[in-house]
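Engineer: We have chain A already, so just place chain B on it with the hints.
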Amino acid sequence: MFSVLPVLLVVSSLQANQPIILTQKAVEVELTPRSPNQMGAFYEARGFPKEVRAVLAKQCYITIGILNKSKQTLWFDLKDWTFSVDGKKIKRQHRDYWQARWKEMGLAQSKRSTFRWTLIPEHLDYLPGEKEGGNIILPFTEKMITVDAKFATGENKQGEPVFIHYDKLYCAQDKPE
Amino acid sequence: MRKIFLILFFWSMVNTAYAEIDLPFGIRHYDIGQAKNFELEDVDGEKFSLDETRGQWVFLHFWASWCGPCRQEMPTIQKLIELMSADKLKFVLVNMAEDEDEIFTFMSTIDIEIDSLLDSDGLVTEAWKPRGLPTTFLINPQGQVKYQAIGGRDWTQPEYIKFLRFLLKPAP
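Sequences listed follow chains A and B, in order. Heads up: the first sequence runs through residues 5 to 181, numbered per my numbering. Heads up: the second sequence runs through residues 512 to 683, numbered per my numbering.
Keep in mind the hints are simulated off the structure, nothing from the lab. Bear in mind the structure is a predicted one, so any value in this text is a computation, not a measurement. Treat the hints with care, since some could be wrong.
Derived DSSO-like pairs: lysine-lysine, alpha-carbon spacing no greater than 30 angstroms straight-line [claimed, not checked]:
(1) A/Lys95 with A/Lys135
(2) B/Lys640 with A/Lys73
(3) A/Lys54 with B/Lys640
(4) B/Lys640 with A/Lys135
(5) A/Lys179 with A/Lys54
(6) A/Lys107 with B/Lys640
(7) A/Lys135 with B/Lys590
(8) B/Lys673 with B/Lys547
(9) A/Lys62 with A/Lys147
(10) A/Lys73 with B/Lys680
(11) A/Lys154 with A/Lys135
(12) A/Lys107 with B/Lys547
(13) B/Lys547 with A/Lys115
(14) B/Lys657 with A/Lys161
Chain A with its partners taken away, still in its complex shape (with noise of 0.2 angstroms):
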């Protein structure tokens, strides 16, 4: 099986960030920090115009992958996601507020759907072995940003909850020239 992150980009020929890898009995998390050149010449390749790509640049991109190592189901849901900065709390940016906004912009259908399907669902379900992923957008920050997920358990989600915490992690930079 290669399969595995769905919606995960081709971005393999400018240099990526190492993963940061989050291992539980249950889960194993992957967060690879993206940065705004990774992300821009992706989105250039795809004809995304230069305003629209102005926008991603402020951004802070993370990868997620997600493999379930449990006998049993894992649901991941970005509500029960949080990020914070200093003990503050963040906002990730809802899926649809970027598509409010691009096409507030005018960016082409085309377009935007391509760029909702670069991103992770709000929320997905694992059977055991199972690996997906995707994109998240947070907002740029120079600081260490903490994580903190739960995941529900089980088939009807009554399984105890696995919990991940990690506070090293952060939005990749470009290196300047």
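Structural biologist: Coordinates of chain B only, in the frame set by chain A:
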């Protein structure tokens, strides 16, 4: 009484046969009812309507050239099409919101030749709501969606071919 027994016997045989399908990894039951029809053109401008595929199993695949797993999976789909050329499985590929140049460039890079429909504005893909790209739906001859294959895979692996051939077998 004997008639009732025979009916029950055959009914249980039919159900047993379907119950014995081992779903290969990454394929899920996905009984969402009737497949939503769509009409799209392929890269040669030929019109296609999903409703025209009634009467056979359909392998409906959504992809884009910018998605890594799609790129890895595509050669295995070409190989699968060749391996199953004698089977009655209709392959329908839908490219999500790319233009012909992007598709041709990608296809020539990996040296494959597969016809794909163009979902130029991405709206058919949006309507079908795959979990991500790539995603494959398997639609039965009655036009009902039955399975969803999430993510990419090597479709030439024996478990996938066995599974697809099992679907194509006439009901006992």
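Engineer: Go through the numbered hints given earlier and state which of them the structure violates, listing their numbers in rising order.
Structural biologist: 10
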